[in-house]
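Visitor: Residues per chain are reported as follows:
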Amino acid sequence: MAAAPKRPFRWHIGIFLAPAVLVYTAIMILPLAGTLQLSLFRNIDQSQVFVGLENFRTLFGDPNWSVNFWNALRNNVWFFVIHMLVQNPIGVMLAALLSSPKLRFAAFYRTAIFVPTILSFVIVGFAWKLILSPLWGVAPNLMDLVGLKSLFTPWLGKEEYALTTLSLISVWQFVGIPMMLIYAALLSIPEEVIEAAECDGITGMSQFWKIKLPLILPSIGIISILTFVGNFNAFDLIYTAQGALAGPNYSTDILGTFLYRAFFGFQLQVGDPNMGAAIATMMFLIILGGVCVYLFLVQTRLRRYQF
Amino acid sequence: MSTATRSLPRTIGAHAILLTYTVIALFPVIIVIMNSFKSRAGIFGAPLTPPTPKTFDLIGYTTVIGQGDFIHYFQNSLVVTVASLFFVLLFGAMAAFALSEYRFRGNTMMGLYLALGIMIPIRLGTVAILQLMVASGLVNTLTALILVYTAQGLPLAVFILSEFMKQVSDDLKNAGRIDGLSEYTIFFRLVLPLVRPSMATVAVFTMIPIWNDLWFPLILAPSEETKTVTLGAQLFLGQFVTNWNAILAALSLAIMPVLILYVIFSRQLIRGITSGAVK
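So the sequences go chain by chain: X and P.
The UniProt record's numbering applies: residue 1 is where the first sequence begins, and numbers increase by one.
The UniProt record's numbering applies: residue 1 is where the second sequence begins, and numbers increase by one.
Wrong hints could be hidden among the right ones.
[Unchecked claim] Negatives, chain X to chain P, calculated, CB over 10 Å:
#	residue
1	Pro8
2	Ile29
3	Gly34
4	Arg42
5	Asn43
6	Phe60
7	Gly61
8	Val77
9	Leu85
10	Thr153
11	Pro214
12	Asp236
13	Gln267
14	Val270
15	Phe296
16	Arg301
[As the list claims (entries may be wrong)] So the derived label-pair ranges between C-beta atoms look like this:
#	chain 1	residue 1	chain 2	residue 2	range
17	X	Gly243	P	Leu48	26 to 32 Å
18	X	Ser47	P	Arg40	55 to 61 Å
19	P	Thr185	X	Ala26	15 to 21 Å
20	X	Tyr161	P	Thr11	52 to 58 Å
21	X	Leu297	P	Val134	40 to 46 Å
22	X	Gln48	P	Asn107	37 to 43 Å
23	P	Val79	X	Gln48	33 to 39 Å
24	P	Phe74	X	Gly221	35 to 41 Å
Derived from the structure by calculation, the hints contain no laboratory data.
Ideal Cβ positions, reconstructed from N, Cα and C, are used throughout, including at glycine.
All chains should be modelled from the sequences, with the hints used to inform the complete structure.
Guide: Here is the structure:
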């Protein structure tokens, strides 16, 4: 309720807000700002010297850095494209099937399909590495069952397939999230709307495309932006499955692993916090750009329905 | 009314697709757990069959339990997750209450400020977070992880909880005020118990990424003392690249606790997610 004006200073508001604001500011906002600031400095003779955009010039101009950066960015875009094209449509389809009324075992399917999402990247990365390993032979054996054994290759070890394979593993792990969010959105569509559609003879597939899909578009928008942020921030799966070098031959390198290598160094290269900060700044700008596109271009055009 | 839309082929089709996907989702987990109970010959000879008396072998588990300090890692993970969860829920609920209950100058700005962290991942601040932790001597302590995860979890917690706190009836709170309860009592005694279901939702959203995180334990607390189970498993698996029994057993040991917890709590978890908190 609104407090009456002209009341003495309400200390309790401050006390309620203080812990969250302090922790959040100290551990999240200040370091984020600090990282952005650090990208403008460089360590020369043991002291931090302001160099303006020099680090970014190195990142884009020096072939040692720029080749890796564009490679990581390209791979990251592909990683995102696969998620959008595979994960989200499958998620929507599963949610649509699950939400059909009187479906038996719906709770069982829901629970089972969400299992990979709760597992850690370490488990997922390693389990798939084993399954796809030509040494063990689970994948070739399975493909043999359907007569496709000749198509088997060690996908994670081939430059041309490794990134796509890893993206699909990530899709496998996270398909539960779009499924659940869309499922929740579908359940919240009121019965009357569906009934009205049925009275007009719109059922089955056309009911989904014409009635339900437009109603869940805001949820699909949210899922897209969550996928975007998650993908451009990804690191763990690649690191677990392929190591910090994101092999074979950097073919699975994405911005997260690139940042890790720049920051901590690897093999002969020494870690460079300032270049790390520059890469983090680029990631920040990319994510911010994506969020802004979503907020200002997509979300404002989505029509929301109030029931 | 729904019977009108149901037809037998369509139901069968729906079940076929869902069942296929369920198999895809569970297959890798099942195959890892199944093979962890087999001898080396069994693992390679017949990877797709369940263990038979002939191939049954616990050698992998004995290797893992003999080698790794898994129980200790497990404790670390548990301490970090539970402590972060506690702070996220407490601080998040307090801030959400302040934002949803009182009208004050800067309310909207404060809400937006706190919501910023939902979209911008905390990971991008890692370089400066590490410097901060080095400066304050918190590197290789669980405190560092708890602080980072608390900050990471707060934005979403505040956002979801303030949506729910807006629904708590004003009459109830005003009745409390007339009875002379302080604002703190109103929050802890009246409001908090009423939003308990949404706290469960927030708990789930907060817990899974913390338990599974590899990045911050790797960077802030990689010492033997403070390793979490995710980091421990990662390093452990790296050591045993050729010992398939041990790898499969380690993976199964890492999967099973989470899986058991999930099966026990899946009903609450899914209800939490589908309760509309994230619309």
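Visitor: Look at each hint and say if it fits the structure.
Guide: Right, here's what the structure says about each hint:
Every Cβ of chain P is farther than 10 Å from the Cβ of Pro8(X); the closest lies at roughly 13 Å, confirming the non-interface assignment. Once the 10 Å rule is applied to beta carbons, Ile29(X) is inconsistent with being away from chain P; the minimum gap is 8 Å. Remark: the non-interface label on Gly34(X) conflicts with the geometry, its nearest Cβ contact in chain P lying 3 Å away (cut-off 10 Å). With a least beta-carbon separation of about 13 Å from chain P, Arg42(X) lies farther than 10 Å from that chain, consistent with its non-interface assignment.
The claim that Asn43(X) is not at the interface with chain P holds, since no C-beta of that chain comes within 10 Å of its own (minimum 12 Å). Distance to chain P confirms Phe60(X) as a non-interface residue, since its nearest Cβ pair spans about 19 Å, more than 10 Å. Every Cβ of chain P is farther than 10 Å from the Cβ of Gly61(X); the closest lies at roughly 21 Å, confirming the non-interface assignment. No beta-carbon of chain P comes within 10 Å of the beta-carbon of Val77(X); the shortest separation is about 18 Å.
In this structure Leu85(X) is separated from chain P by more than 10 Å, as the shortest Cβ-Cβ distance comes to about 17 Å. In this structure Thr153(X) is separated from chain P by more than 10 Å, as the shortest Cβ-Cβ distance comes to about 18 Å. For Pro214(X), the non-interface assignment is confirmed: its Cβ lies about 16 Å from the closest Cβ of chain P, beyond the 10 Å cut-off. Look at Asp236(X): its CB is around 5 Å from the nearest CB on chain P, not clear of 10 Å, so calling it non-interface is violated.
Distance check on Gln267(X): its Cβ is at least 16 Å (rounded) from any Cβ of chain P, clearing the 10 Å threshold; non-interface status holds. The beta carbon of Val270(X) is kept farther than 10 Å from every beta carbon of chain P, the shortest such distance being approximately 15 Å. No Cβ of chain P approaches the Cβ of Phe296(X) within 10 Å, the least distance being about 13 Å, so the stated non-interface status holds. For Arg301(X), the non-interface assignment is confirmed: its Cβ lies about 18 Å from the closest Cβ of chain P, beyond the 10 Å cut-off.
In this structure the supplied range 26 to 32 Å holds for Gly243(X) paired with Leu48(P), their Cβ-Cβ distance being about 29 Å. In this structure, Ser47(X) and Arg40(P) meet the distance hint of 55 to 61 Å, their C-beta atoms being roughly 57 Å apart. Evaluation of the 15 to 21 Å hint for Thr185(P) and Ala26(X) yields a failure: the beta carbon distance comes to about 29 Å. Between Tyr161(X) and Thr11(P) the beta carbon distance is about 37 Å. The supplied range of 52 to 58 Å is therefore violated.
Separation of Leu297(X) from Val134(P) is about 41 Å and conforms to the stated range, judged on CB atoms against 40 to 46 Å. The given range of 37 to 43 Å is respected by Gln48(X) and Asn107(P), whose C-beta atoms sit roughly 38 Å from each other. With their beta carbons about 35 Å apart, Val79(P) and Gln48(X) fall inside the hinted range of 33 to 39 Å. Checked against the hint of 35 to 41 Å, the pair Phe74(P) and Gly221(X) passes, with Cβ atoms roughly 39 Å apart.
In summary, the structure is inconsistent with hints 2, 3, 12, 19, 20 from the numbered list given earlier, while agreeing with the others.
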